[in-house]
Every structure is written in C-alpha cells, then in structure tokens.
Amino acid sequence: MEWIDVNERLPDEPNKFIVHYVHKYADNDGYWALGLSQFDTNLGKFIFDCLYKITHWMPLPEPPKNDFKE
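Just add 4 to wherever you are in the sequence shown, counting from 1, and you've got my numbering.
Calculated from the structure, these hints are not laboratory results. We put the beta carbon where it would ideally sit given N, CA and C, even for glycine. Mixed in with the good hints, there may be bad ones.
[To be verified] In silico SDA-like cross-links for lysine to any residue, where the CA-CA straight-line distance does not exceed 25 Å: (1) Lys28 - His60; (2) Lys69 - Glu6; (3) Lys28 - Cys54; (4) Lys28 - Phe52.
[As the list claims (entries may be wrong)] Here are the in silico distance ranges between beta carbons for each label pair: (5) Asp44 - Lys69: 24 to 32 Å; (6) Pro67 - Gly39: 15 to 23 Å; (7) Asp31 - Pro65: 12 to 20 Å; (8) Pro67 - Trp36: 23 to 31 Å; (9) Pro65 - Leu14: 18 to 26 Å; (10) Lys57 - Glu6: 18 to 26 Å; (11) Asp31 - Glu66: 36 to 44 Å; (12) Asn11 - Leu64: 18 to 26 Å; (13) Leu55 - Asp16: 23 to 31 Å; (14) Glu66 - Asp33: 34 to 42 Å.
Using the sequences plus the hints, can you model the full thing?
Spelled out as structure tokens, the structure:
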C-alpha cells in the first residue's frame, strides 16, 4: 500500500482510513502522527479534529485471519 496525497485524490466511498496528519495552526517542526478517520463522501472530507490537517491517507489492510482454535 502507498500513501495517497489528499491534494491528488480523496476516497471514492465512505469508509475508515489510516491517515497521516500535522497540526493545522503551528510550525510542525517535524511533528506528524498517524490515526484513523472516517471519510464522508457527502461532505467530501475526512471527519477529524479541526486542529489537525490530514495530508495523506491509505485504505485499511485486510484484517488477519482468525486461526484461533479451542
């Protein structure tokens, strides 16, 4: 999987995504973080704390297979 720049493309469907974000109103000086965010296609944006700016996103990977046996 590759990071997708929000300036290049946004998700086509609503879902949760892994996002990379920075502080919106400060000199980030190398600060960044990862999180999960829901994308709302009606609003055309990620639902996220307004103090942060999402710069990149990627789909969630497939969950692991459950091989648990009792």
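Hint check:
1. Lys28 - His60: holds, 14 Å
2. Lys69 - Glu6: Status holds; Cα separation ~22 Å.
3. Lys28 - Cys54: Holds, because 8 Å separates the two Cα atoms, which is no more than 25 Å.
4. Lys28 - Phe52: With Cα atoms ~12 Å apart, Lys28 and Phe52 stay inside 25 Å; holds.
5. Asp44 - Lys69: 24 to 32 Å: holds, 30 Å
6. Pro67 - Gly39: 15 to 23 Å: Roughly 18 Å apart at Cβ, these two residues keep to the hinted range, so it holds.
7. Asp31 - Pro65: 12 to 20 Å: About 33 Å separates the Cβ atoms of Asp31 and Pro65, which means 12 to 20 Å is violated.
8. Pro67 - Trp36: 23 to 31 Å: The hinted range 23 to 31 Å holds for Pro67 and Trp36, with Cβ atoms some 26 Å apart.
9. Pro65 - Leu14: 18 to 26 Å: holds, 20 Å
10. Lys57 - Glu6: 18 to 26 Å: The hint (18 to 26 Å, Cβ to Cβ) holds, given that Lys57 and Glu6 are roughly 20 Å apart.
11. Asp31 - Glu66: 36 to 44 Å: holds, 38 Å
12. Asn11 - Leu64: 18 to 26 Å: holds, 21 Å
13. Leu55 - Asp16: 23 to 31 Å: holds, 27 Å
14. Glu66 - Asp33: 34 to 42 Å: Holds: the Cβ-Cβ distance is about 36 Å, inside 34 to 42 Å.
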